[in-house]
Amino acid sequence: MKKLEAIIKPHKLDEVKDAIMELGVQGMTISEVKGFGRQKGHTELYRGAEYVVDFIPKVKIEVVVKDEDITRLITAIQKVATTGKIGDGKIFVTPVEAAVRIRTGEKGEAAI
Amino acid sequence: MKKLEAIIKPHKLDEVKDAIMELGVQGMTISEVKGFGRQKGHTELYRGAEYVVDFIPKVKIEVVVKDEDITRLITAIQKVATTGKIGDGKIFVTPVEAAVRIRTGEKGEAAI
Amino acid sequence: MKKLEAIIKPHKLDEVKDAIMELGVQGMTISEVKGFGRQKGHTELYRGAEYVVDFIPKVKIEVVVKDEDITRLITAIQKVATTGKIGDGKIFVTPVEAAVRIRTGEKGEAAI
Amino acid sequence: MKKNIFLLSAFLALLIPGLCWSQELGDLKVAMDTVWTLIAAFLVFWMNAGFAMVESGLCRSKNTVNILAKNFVVFAIASLAFYVVGWGIMFGNGSGFMGSDGLWLIGGADNSPAMGEAYQGSYSSISWTGIPLYAKFFFQLVFAGTAATIVSGAVAERIKFLSFLIFSFVLVALMYPITGHWIWGGGFLATAGFWDFAGSTVVHSVGGWAALAGILVLGPRIGKFGKDGKVTPIPGHNMGMATLGALILWLGWFGFNPGSTMAAAPIDIAHIALTTNMACCAAIITATITAWLMLGKPDISMLINGALAGLVAITAPCAFVSVGSSVVIGAIAGVIVVLAVIFFDKIKIDDPVGALSVHLVNGIWGTLAVGLFAQDKIVATATGNGLFFGGGLHLFLVQLKGVLLVGAFTFALGLIVWGALKVMMGIRVSEEEEREGLDIGEHGNIAYPDFQSSTGHL
Amino acid sequence: MKKNIFLLSAFLALLIPGLCWSQELGDLKVAMDTVWTLIAAFLVFWMNAGFAMVESGLCRSKNTVNILAKNFVVFAIASLAFYVVGWGIMFGNGSGFMGSDGLWLIGGADNSPAMGEAYQGSYSSISWTGIPLYAKFFFQLVFAGTAATIVSGAVAERIKFLSFLIFSFVLVALMYPITGHWIWGGGFLATAGFWDFAGSTVVHSVGGWAALAGILVLGPRIGKFGKDGKVTPIPGHNMGMATLGALILWLGWFGFNPGSTMAAAPIDIAHIALTTNMACCAAIITATITAWLMLGKPDISMLINGALAGLVAITAPCAFVSVGSSVVIGAIAGVIVVLAVIFFDKIKIDDPVGALSVHLVNGIWGTLAVGLFAQDKIVATATGNGLFFGGGLHLFLVQLKGVLLVGAFTFALGLIVWGALKVMMGIRVSEEEEREGLDIGEHGNIAYPDFQSSTGHL
Amino acid sequence: MKKNIFLLSAFLALLIPGLCWSQELGDLKVAMDTVWTLIAAFLVFWMNAGFAMVESGLCRSKNTVNILAKNFVVFAIASLAFYVVGWGIMFGNGSGFMGSDGLWLIGGADNSPAMGEAYQGSYSSISWTGIPLYAKFFFQLVFAGTAATIVSGAVAERIKFLSFLIFSFVLVALMYPITGHWIWGGGFLATAGFWDFAGSTVVHSVGGWAALAGILVLGPRIGKFGKDGKVTPIPGHNMGMATLGALILWLGWFGFNPGSTMAAAPIDIAHIALTTNMACCAAIITATITAWLMLGKPDISMLINGALAGLVAITAPCAFVSVGSSVVIGAIAGVIVVLAVIFFDKIKIDDPVGALSVHLVNGIWGTLAVGLFAQDKIVATATGNGLFFGGGLHLFLVQLKGVLLVGAFTFALGLIVWGALKVMMGIRVSEEEEREGLDIGEHGNIAYPDFQSSTGHL
Ligand SMILES: Nc1ncnc2c1ncn2[C@@H]1O[C@H](COP(=O)(O)OP(=O)(O)O)[C@@H](O)[C@H]1O
Ligand SMILES: Nc1ncnc2c1ncn2[C@@H]1O[C@H](COP(=O)(O)OP(=O)(O)O)[C@@H](O)[C@H]1O
Ligand SMILES: Nc1ncnc2c1ncn2[C@@H]1O[C@H](COP(=O)(O)OP(=O)(O)O)[C@@H](O)[C@H]1O
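So the protein sequences, as listed, match chains H, F, S, A, V and C.
Position 44 of the first sequence, counted from 1, bears residue number 478 in our numbering, the numbering being contiguous throughout.
Position 75 of the second sequence, counted from 1, bears residue number 509 in our numbering, the numbering being contiguous throughout.
Position 70 of the third sequence, counted from 1, bears residue number 504 in our numbering, the numbering being contiguous throughout.
Position 83 of the fourth sequence, counted from 1, bears residue number 127 in our numbering, the numbering being contiguous throughout.
Position 194 of the fifth sequence, counted from 1, bears residue number 238 in our numbering, the numbering being contiguous throughout.
Position 194 of the sixth sequence, counted from 1, bears residue number 238 in our numbering, the numbering being contiguous throughout.
These are calculated hints, taken from the structure and not from any lab test.
In this text, a Cβ means the ideal position worked out from N, Cα and C, and glycines have one as well.
Don't take each hint at face value.
[Stated by the list, open to error] Some, not all, of what chain C presents toward chain S, calculated at C-beta under 10 angstroms:
no.: 1; residue: R479
no.: 2; residue: E480
no.: 3; residue: H487
no.: 4; residue: G488
no.: 5; residue: N489
no.: 6; residue: I490
no.: 7; residue: P493
no.: 8; residue: S497
no.: 9; residue: S498
[Stated by the list, open to error] Simulated crosslink set (SDA-like; lysine to any residue; CA at most 20 angstroms straight-line):
no.: 10; chain 1: H; residue 1: K513; chain 2: S; residue 2: T538
no.: 11; chain 1: S; residue 1: K474; chain 2: F; residue 2: E449
no.: 12; chain 1: H; residue 1: K541; chain 2: H; residue 2: Q460
no.: 13; chain 1: F; residue 1: K500; chain 2: F; residue 2: P529
no.: 14; chain 1: S; residue 1: K474; chain 2: S; residue 2: I520
no.: 15; chain 1: C; residue 1: K274; chain 2: H; residue 2: G458
no.: 16; chain 1: H; residue 1: K474; chain 2: V; residue 2: I484
no.: 17; chain 1: A; residue 1: K341; chain 2: C; residue 2: R472
no.: 18; chain 1: F; residue 1: K474; chain 2: H; residue 2: G458
no.: 19; chain 1: V; residue 1: K390; chain 2: V; residue 2: E476
no.: 20; chain 1: A; residue 1: K271; chain 2: F; residue 2: H445
no.: 21; chain 1: A; residue 1: K390; chain 2: A; residue 2: F269
no.: 22; chain 1: A; residue 1: K341; chain 2: C; residue 2: L209
no.: 23; chain 1: F; residue 1: K541; chain 2: F; residue 2: P529
no.: 24; chain 1: H; residue 1: K519; chain 2: V; residue 2: E476
no.: 25; chain 1: H; residue 1: K519; chain 2: S; residue 2: G539
no.: 26; chain 1: H; residue 1: K474; chain 2: S; residue 2: Q460
no.: 27; chain 1: S; residue 1: K474; chain 2: F; residue 2: F489
no.: 28; chain 1: V; residue 1: K274; chain 2: F; residue 2: A483
no.: 29; chain 1: C; residue 1: K341; chain 2: V; residue 2: R479
no.: 30; chain 1: V; residue 1: K466; chain 2: V; residue 2: I266
no.: 31; chain 1: V; residue 1: K73; chain 2: A; residue 2: D71
no.: 32; chain 1: H; residue 1: K451; chain 2: F; residue 2: F489
Bound-form chain H, shown alone (with noise of 0.2 angstroms):
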């Protein structure tokens, strides 16, 4: 099993959630973090002084998947998750060792 960890801009959420569930993936788990790169942060003001910030609200995806799903998967949401713009994440992809479902104790793929 691998984990997809895609890092995307919040208002893009909506259309690759979609696109993942097309895929007939059932769940994913979702963050707010912030994000650093290329893309610059912007100028605020507070009382007479600037300062920047770095840091700009991205959201994380979460998806952990059978090892044969994730190419169509990074395919899928590389396509809807795109504006062209600077900033728009990075998708990276890490083995996933065991997996369990609280609920009924099921292991491995079933799992998921």
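Using the hints, position chains F, S, A, V and C with the ligands against chain H.
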């Protein structure tokens, strides 16, 4: 070393934390995440229009442990985190190649 | 490629960010997490009753880098993030099998 | 003859404008008293915002919409209930138990602003003030709304919206006006020489007793009391909101107490404004000190409860005691409220916002304090002297009697109404809804969709 | 002779203090009327806070600073605009269309507080109240500020800050005073027997029409209407703020309506305070029920809109109808507002806070309600009777005419001004800024830097 | 004879009711003045909520409970301190430096509401108003509370709770009343012809000087100034709260300024309400423009400071200048405040909420503005003319003298008291507590437990 990621129902956090501690594990890191899965979201209402909120608040617990501890940990968490109702969550295990305790610079299993 | 996860004290974020950037790393993703460990939480008070808050605010930094960069990165972070006081946090390293830049579709080390 | 006629006409010429000025003077006085009473009523109305903020602030974010909606709708219901029949029961001429004349829709005969002897109509018990009927009604209406609102905080975070609304209707249409009649409507406690200037008992204790009945029938929130009997505090979600609410209430009390003169009597209203303020300040100080000494740190929710306790306590005696006494009464209230909060936790009565400690306990204390600190005619009312000013136990015992009778009646009826609702339609939301929050369950809304919530206290 | 002289001197001796008291009585009356009017004006001023809270609460957190800043600055602009020329246009003597005398800087001749016949000056149309000129101006100023503020919510979350400020200036300097002159400034609608006691049309509909024009020129927010025509609700970020705002507005309305007497007339102000309150309460109840029945649950934003709808609707008729009628008028407003919110969504008019449903639709309803429910001289004004009280259609038709003319004028002029601004400087922020939030784009600030935001509704 | 007796009796018959009406007229006037003064006092009291909201809003969420608690408790302490001895020092008959008669517990002889010549008692300097003693005291009390509260914001986010409370006690019991005596208590500045109508100097500058002393002894917050001297802005956590607070303060100022007449004088209070409002509006506009031009965007915290600057500046001259002048005074204040904020940052004075720029700097500006813009008897007071109205430099120099003496005294004493507290018990929390937030450290509470905080600005 292994990293265990458990996605659980928020109100189970205290019990899970206690179960982990009982195994002698000394540290963990949690974050607020939102889950999407078989457990469906709910409908909200605003100014006369309905909309579906798909993502449900969950807590993610991350614990890095020695290889030999991982099975006991899984069993312990699975036991207390289950309510039997859909949406209880998942446990995923991934490999960890290195660990460092920032305060002391200790490395590997000594660091966790 | 490797993913480095550093859990640090929030007020160290700026320094750590600068240290990472100095190594030529161009991107990173952070999230707000809460930690439990040797550093104990504090007692809060509400309407005449005390309770212990176990979880302490921490920041998690995730950086994906080429294999060869990982050691320098660890050293750099460990150096600036330490205060010498308990609770300074941990660094974990996990393997990354694939990376994609969403905007361009670039793959692998080119993507990070 | 001629001369005499001249004299007479001169006399009349002078007399007529004289009468005329006298009439105009009277009109001006009515106008001023009305202005004062209405502005005071606006301030009391404003207390609704205070209760809404204090109560939501001291509860969890997942129940915020529900609490806000409760406080909002309950005033609407109270207004209608008091208009339809509450006013008539409370102020209509009738027996010592309740009014019966002009019962419905403020529909009785009435020649207000005529006062006292000159008054002819269905609402004699409130003819001591010379303002138009609707001004009297409006002022009393906002008081009735307050009583209903007190209950809201105590039963928060677990009560069914609809059941609460029905209870509020019964409270304002029936329960509040009946005991109100006893005291302010010329009923048997008024006759007995019971004094409650602005409603420590009439409003606050009554709200408190109804709340206590509700809490007992409802039970505590999930998670508040552990199996081992341990108290788990459930922190409120917004101390800024709660503090703002307390300051709103404090401001509103300057309408509640001084406005209860229902006349712009300068010495009286200045005196009452000052006793009100000083009692509140003293209570803040002693609540702070008590919390600091007993609990280690001055918790802000205790300071807020302290302030409100002082205000509730001075409500009955504000016009009957000296400024010095008001400081003492407030100071004692500040200590009492901290002890009461701890006490209710200990006996496993779960009152999320401290409504009992503030309104019930200090409503009682304030009412009894009249019996201790009253000074005859210190401003204008002949209350007789309290125990500490040479009046003996007489006044105190009358006050005690009033406290007990009103308490017994309201608590018993409260139990019955809550019990009936429980049987008929249920009063508590499901466990799942309670966990998820009443906002989604009852309203389909959440209060803060743009903010990420912390599971620290789910 | 001697005797006669004695008599005469006695007569004079009595007459002089008599005159003197009469003068003092008059002074006292002026003072009381001024006190009442100023306090009412303070309450109306306070409505600015209400609008700021309701509007920010019902919008997203990323636009909070912008909305707050808009509401803050717009009152400053309104004050200056009304001072410079608005007052003169509205109340200056002139034609049936607009005032022209004493146009600039309240600079006309004026012997206020002289009243009626005794008044000599440039602002005769408001000489029915006997208070100093500056008190009149201040009271009218806070009304003008309200009209401008109504627009703010409707165009929120997408409008350019500067363009909005310019529009507000034009609205208060020109548009509002012209239609205001027609009705309150002795203009042609006043002459025609059109009645709008406290401004359902003068203030609320005018704000509503200007808002509608703005919405049409601006278009809906990104994401509000899907391609398939589906409505995507965009939840407001803080229901506590919105509810507090609604309660502030409610309080403010006790200045808005009863204060519009501009005199401390006791019967009148008590009556108006009560009709105002009862209409609001009835509207809350019916809005709750309507929402519950039609939508399944009582959404708090609907309750808030319900309350405000009742208040807007009773604004025109508050002094002309009975308390019973006020309940009916409010009850209908509560139903109307829920339907209107759903209707505007259906025809793809994106009004984030419901300003149209509240101020425009119920401003019209309230104005027409005068034609239905008015009872001649129920308090003091000879309006003639409305349709339901035997007056036939006459009054209703005059009211209808006023509604249409004011609407046509304000809407047309609004379209022109908004259109001109669009051409000259743009009125809408860039798509990117709209997504990121106007706070950073327009102000370089964010409202809540310490809280982690949820992307649930980005 | 008979006839004469008849005449005489007729004469007396007429005279007696005449006298009687005159008495009643006087009573009515006392009542009206009292009503006005009390309502104004309630509005000033309400400013406590404004300060609490502005200050918490402009600080970080981790210090919210602490700031709220400070603002809450400090008014309680101020009330007690002013009751115990402050009032006596300020208004008791005594020397030009301080009062000494009727020093403790408002305990002096007093026959209020008797006025002027008729007054006999210990507090002659405030016998120009004809209201009961307690009304005078209550009005002055809420002013004293304001002065104490100003300090709170300036020392926020690092001061020890207890030390602050002690300082506040000294300020209100001693420092504020002494300089207050100089100006309002018949002291040497009053005699010198120094004019400060509602307290630009008496209240605002005094609060400002005490705050400046505190800041200097405390030092800046960790992280505010980098090693390289770079200013790191520390954004406030809730702009909604801050804006609400500013609107509350604005409302409160309609009590602060017009209420300082302590009499319902219609021309005066209308004039003052208007100058107050126009100065505030002008300041908002110029602060917006200045911020826009100098800093690129109109930052909302600058708009808020701008509004308050205008209000502080018009406080001294509100009754002495024309409406036109009030616009100019406000406009200048709006520019000054933006420059002052930048200036204090530059010289490394860390004032989290801008208390110095608002209250100190504009308190001085407003006081001096009297010397420039005053017009003799424009309303009722014979101030003489200011520089721009042909009065030469005389008035300006007296004003300057007052500013300097009050400043020197308060600043010096402030340094001493803060210094003493520092030595005796410490005034600053530990570095760790400052980082973690004073809420947990000082109160064991946090303000928003249900929300996830962002580490953006920790
Ligand atoms: N090496 C990295 N490790 C972890 N996250 C990264 C890394 N590089 C970029 N990111 C994440 O991806 C986001 C987008 O990256 P950025 O360089 O701004 O644009 P792009 O992906 O279009 O090149 C960043 O905001 C950050 O969250
Ligand atoms: N494939 C997956 N990858 C990542 N997280 C998942 C995955 N499937 C489920 N989850 C997480 O587990 C939670 C529970 O899953 P769900 O399907 O609702 O119930 P259950 O685990 O009882 O079958 C989800 O809310 C989501 O956070
Ligand atoms: N085994 C672990 N797995 C995951 N996170 C851990 C683990 N141990 C510690 N942490 C994280 O590191 C933080 C610091 O750990 P702690 O034991 O308090 O101090 P120190 O790192 O100085 O020994 C914790 O708050 C937690 O977030």
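Hints versus structure:
For R479/C, the shortest C-beta to C-beta distance to chain S is roughly 6 angstroms, which falls under 10 angstroms, so the interface hint holds. Look at E480/C: its Cβ gets to within about 8 angstroms of chain S, closer than 10 angstroms, so that hint holds up. Look at H487/C: its Cβ gets to within about 7 angstroms of chain S, closer than 10 angstroms, so that hint holds up. With 10 angstroms as the threshold, the beta carbon of G488/C comes within range of chain S, its nearest partner Cβ sitting at about 3 angstroms, so the hint holds.
Interface restraint check for N489/C: the shortest CB-CB distance to chain S comes to about 6 angstroms, inside 10 angstroms, so the restraint holds. About 7 angstroms separates the beta-carbon of I490/C from the nearest beta-carbon of chain S, less than 10 angstroms, and the hint is met. A least Cβ separation of about 8 angstroms between P493/C and chain S falls short of the 10 angstroms threshold, and the interface hint therefore holds. The interface hint given for S497/C is met, as the beta carbon of that residue sits about 7 angstroms from the closest beta carbon of chain S, less than 10 angstroms.
With 10 angstroms as the threshold, the beta carbon of S498/C comes within range of chain S, its nearest partner Cβ sitting at about 7 angstroms, so the hint holds. Note on K513/H and T538/S: the hinted pairing holds, with a Cα-Cα distance of about 10 angstroms set against a maximum of 20 angstroms. A threshold of 20 angstroms between alpha carbons decides the hint, and for K474/S with E449/F the separation of about 18 angstroms falls inside it, so the pair holds. For the proposed pair K541/H and Q460/H, the alpha carbon gap of about 16 angstroms is at most 20 angstroms, so the pair holds.
As the CA atoms of K500/F and P529/F are separated by approximately 10 angstroms, the hinted pair is consistent with the 20 angstroms bound. Only pairs whose Cα atoms come within 20 angstroms are accepted, and K474/S paired with I520/S is accepted, the gap being roughly 9 angstroms. Straight-line distance between C-alpha atoms of K274/C and G458/H comes to about 54 angstroms, which puts the hinted pair past the 20 angstroms bound. Straight-line distance between C-alpha atoms of K474/H and I484/V comes to about 15 angstroms, which keeps the hinted pair within the 20 angstroms bound.
Between the alpha carbons of K341/A and R472/C the distance comes to roughly 17 angstroms, so the proposed pair stays at or under 20 angstroms and holds. Between K474/F and G458/H, the direct Cα distance comes to roughly 16 angstroms. Compliance with the 20 angstroms bound is thereby established for this hinted pair. Restraint check for K390/V and E476/V: the C-alpha separation of about 26 angstroms exceeds 20 angstroms, so the hint is violated. Simply put, K271/A and H445/F have alpha-carbon atoms about 17 angstroms apart, close enough for the 20 angstroms limit, and the pair holds.
This hinted pair checks out: K390/A and F269/A have alpha carbons roughly 10 angstroms apart, not beyond 20 angstroms. Proximity of K341/A to L209/C is assessed by CA-CA distance (about 15 angstroms); at most 20 angstroms being required, the pair is judged to hold. Distance hint between K541/F and P529/F is fulfilled; the C-alpha atoms sit about 16 angstroms from each other, no more than 20 angstroms. Restraint check for K519/H and E476/V: the C-alpha separation of about 12 angstroms stays at or below 20 angstroms, so the hint holds.
Under the criterion of a C-alpha separation no larger than 20 angstroms, the hint pairing K519/H with G539/S is consistent with the structure, at around 13 angstroms. Distance hint between K474/H and Q460/S is fulfilled; the C-alpha atoms sit about 11 angstroms from each other, no more than 20 angstroms. Restraint check for K474/S and F489/F: the C-alpha separation of about 32 angstroms exceeds 20 angstroms, so the hint is violated. Restraint check for K274/V and A483/F: the C-alpha separation of about 10 angstroms stays at or below 20 angstroms, so the hint holds.
Under the criterion of a C-alpha separation no larger than 20 angstroms, the hint pairing K341/C with R479/V is consistent with the structure, at around 19 angstroms. For the hint pairing K466/V with I266/V, the CA-to-CA distance comes to about 18 angstroms; that is within 20 angstroms, so the pair holds. Among the hinted pairs, K73/V with D71/A is consistent with the structure: their alpha-carbon atoms are about 10 angstroms apart, no more than 20 angstroms. At most 20 angstroms may separate the alpha-carbon atoms for a hinted pair to count; K451/H and F489/F meet this at roughly 10 angstroms.
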